[in-house]
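Quick mapping for you: the protein sequence lines, in order, are chains F and A.
In this text, residue positions in the first sequence follow this note's numbering: the first is 1, and each later residue adds one.
In this text, residue positions in the second sequence follow this note's numbering: the first is 1, and each later residue adds one.
Hints are not guaranteed to be accurate.
Claimed, not checked - Just the calculated beta-carbon pair ranges, DEER-fashion: (1) A:27 - F:187: 22 to 30 Å; (2) F:25 - A:259: 48 to 56 Å; (3) A:228 - F:45: 36 to 44 Å; (4) F:27 - A:232: 42 to 50 Å; (5) A:183 - F:25: 46 to 54 Å; (6) F:25 - A:227: 34 to 42 Å.
Said to hold, decoys possible - Stretches of chain F that chain A covers, calculated by requiring three or more beta carbons in the stretch to come under 8 Å of a beta carbon on chain A: (7) 67-75; (8) 145-159; (9) 179-189.
Quick caveat, the hints were computed from the structure, so don't treat them as lab data.
The model shown is predicted, which means the values in this text are computed figures rather than measured ones.
Ideal Cβ positions, reconstructed from N, Cα and C, are used throughout, including at glycine.
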Amino acid sequence: MKTYTYTEKKDTRSGFGAGLAELGRTNPNVVALCADLIGSLKMNEFIDENPERFFQIGIAEANMMGIAAGLTIGGKIPFTGTFANFSTGRVYDQIRQSIAYSGKNVKICASHAGLTLGEDGATHQILEDIGLMKMLPGMVVINPCDYNQTKAATIAIADYEGPVYLRFGRPSVPIFTPADQKFEIGKAIQLTEGTDVTIVATGHLVWEALEASKVLNEAGISAEVINIHTIKPLDDKAILDSVEKTGCIVTAEEHNHLGGLGESVARVLAQHKPTPQEFVATNDTFGESGTPAQLMEKYGLNANAIVKAVNKVINRK
Amino acid sequence: MPNIKELNDFTTQVRRDIIRMVHKVNSGHPGGSLGCAEFFVSLYQDILDTKDGFDMDGIGEDLFFLSNGHISPVYYSVLARSGYFPVEELNTFRLLNTRLQGHPTTHEGLPGVRIASGSLGQGMSVAIGAAQAKKLNNDDHLVYSLHGDGELQEGQNWEAIMYASAKKVDNLISTIDLNQQQIDGSTDDVLPMGSLRAKFEAFGWLVIDIEKGNDIEAILKGMAEAKSLTGNGKPVCVLLHTIMGNGIDFMMHTHAWHGKAPNDEQLATGLAQNPETLGDY
């Protein structure tokens, strides 16, 4: 089994900051907007190097989404930055009408997604954003897994014409994807080959899936781990090809099981190849205060939870 | 100097278009459309400096954004009669597969429209973004926007109003259609907003009133003054005092025709008050 190791941990939001800084140097049409969270979104480097292309909006996310839509008229490629909660639910109608329905080339970049922002609690955590955004016609939804992939995704979406939701987080997580790996929107990445179960994971749960696969391997279970960094458009073929071999699947995400990656996968399977599936996701609940590790343990979003789900789904084959 | 009689004749035809469009599909918003007919005609026939044809980026030309998208009938009529798309297409207003959706959208690729509107309160933010893009592009053309007065009850406007002055967006002229009516009654009955002039001024805007908002000469004079105020570090607000339903006597001075179509008899009456000038579509 191919195994993955890491030498460094970093937050995915810093990958966004690094990608944005690089875009600042390479693409003169890229502009950035922020609603009073520059430091949290790691946007300082871009701002220092391109002050004329940065718009500090203040604490006014609705206005930010509208201004971003307007900036596209004139050929700019706006990247908005705020927490995932304030990038989606708070401004859903602004995104829906002024960006998605209007077909505007806005990149909605959302940090502190999921439970892992930790102690701030449920008002600042969001476990519904993937569902909200994937339901908008034409919206691309991306949730990269580590620093390198978040940086690559940030750079890649500038070359894609159309609205994108890019979701990342606050905690330091292992860097295990190659720094030079090109990011292809909608193209899943198979991390390990396996024959007994498919594990498709997104975001922070990809590393947890790899950790789970090591434990499973020791128990004689061969897991195929797939990194689904793009939830929409979903790589149906990668999922179907894998379950053809394994016959069962576990989906893992830092999100509500309602509306998340798991439901998207279930739709594909129900249409093309009904397959036993278990969901590693939160169960229709808000989060709460705590450390990221405590929260991921309490809400069942770590390697242990994935191992349990695998054992359950294999018995359903 | 534009020929005022020609613009008035143009407006008469636009009024016919509005009530014919709304009557045909028995839906749509004639009241606010009629109230802004003179403004739209002045804008597209004289005020806006536009290029031939249409492209989304609009670099090197003035831009206009309609925030209160429900007055799409007047927008569509004036766009068509200003050459953006065939006038005959007005026949398709609100019909299945039309580019002339109930509320304006870019989704079907209708030339002249750069943003979807209808869900209220979003247009000023968009106009500000477009104005800031013009500054980045060293494009000295202006951005115009139109908003309902009732629409200012949406909070996003006040985020935008605060931002525009703070960031010195001085290539923007936002006009408020001050007809003092909204769906449930007069704005004073529904939610009194006090002095809009005082509010905009307190937020750092330059404000002018056009007291006769249904008089083309007054509109041209007022908008010229507004334009002269641009480039001075502050955004410009025009309070356009209009009469909802203007030009059709039984629709005037009431919110009753905000979103209601005339019946056959009412249509005939309205058309008789506005004889054909440019030719019906």
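Now for the hints, and whether the structure bears them out:
no. : hint                     : in the structure
1   : A:27 - F:187: 22 to 30 Å : violated, 45 Å
2   : F:25 - A:259: 48 to 56 Å : holds, 51 Å
3   : A:228 - F:45: 36 to 44 Å : holds, 42 Å
4   : F:27 - A:232: 42 to 50 Å : violated, 33 Å
5   : A:183 - F:25: 46 to 54 Å : holds, 51 Å
6   : F:25 - A:227: 34 to 42 Å : holds, 38 Å
7   : 67-75                    : holds (count 9)
8   : 145-159                  : violated (count 0)
9   : 179-189                  : violated (count 0)
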